[in-house]
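Participant: These protein sequence lines are chains A and B, in that order. The numbering used here runs 161 ahead of the 1-based position in the first sequence. The numbering used here runs 161 ahead of the 1-based position in the second sequence.
Hint data in this document are derived by calculation from the structure and do not stem from the laboratory. Bear in mind the structure is a predicted one, so any value in this text is a computation, not a measurement.
Which copy is meant is left open, so a pair is good if it fits within one copy or across any two.
When the alpha-carbon atoms are kept at most 27 Å apart in a straight line, the in silico DSSO-like pairs for lysine-lysine are as follows:
{"#": "1", "residue 1": "216", "residue 2": "184"}
{"#": "2", "residue 1": "195", "residue 2": "216"}
{"#": "3", "residue 1": "252", "residue 2": "223"}
There are 2 protein chains.
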Amino acid sequence: MADIQAEYLACPIRQVVSRFGDKWSLLVLFLLNKSDTGVMRFNEIRRFMTDCSQKMLSQTLKNLEQNNLVHREVYPEVPPRVEYSLTNTGKSLIPALSALIAWGQEHFDEVVNKTVIID
Amino acid sequence: MADIQAEYLACPIRQVVSRFGDKWSLLVLFLLNKSDTGVMRFNEIRRFMTDCSQKMLSQTLKNLEQNNLVHREVYPEVPPRVEYSLTNTGKSLIPALSALIAWGQEHFDEVVNKTVIID
DNA sequence: CCCAATTCCTACCATTTGGTAACTATCCCA
DNA sequence: TGGGATAGTTACCAAATGGTAGGAATTGGG
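Turn these sequences into a full structure, and let the hints steer you where they fit.
Facilitator: Okay, structure coming up:
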């Protein structure tokens, strides 16, 4: 049992969850990773993530960029073109992300049908 | 590129995040896994998670129990004793969780110092 | 008789999150 | 002249999240 306390307080999960545990971040990373070219434009992502509002997508991308997981390349053209891609740090997260996805696929039925509602 | 759309819409990450992507769930799983006996009582968990309020801990535990990740054993004593432990499904999540933690440890410095504030 | 210990629950409140709809800016094209 | 395309932003609003403080239930101990 030793010093779980210290380990707990320093546990990186807190950082991970607080930064990418939101509704859309991991899905953006998933999509960028799936892309053939490794690069996607704003409205291209939107076309896949039909259930994510424009505002939330731009907010999510900004957040991912600030946290150095996504690279944002602006081409000064008209109309403007902006391309998003994974940074090396972003790519390094993919194995852990895949592990989570795989877990979800395997164990979904053991969890589904249970209500999420807490109150 | 094929049919990312379908893959996206069915992506288990959405379920995973929506259920355990909150502030405390993964930390509880982390602690239960670290425990020598595999079993922890309510106030025992609280003593480690000093920054989680009583209300949130009980809410989190209830949620984890409803999602079949944590088992709750009540002993009809006075004062009451309740023991929490990981279910098999809960244990099966540990490798993926460890991968996330390991990623956090390795890449934390590439992400830290960046503000989380979006607006 | 009151307090302690245990495992919560409840009321109340502030903050955060996320959605909709409309707006901006630019230039090309019809 | 007036869309259309691109990549957003902004204002406004509703819902979810999380915190504090106190209550509830039980029974043994001083």
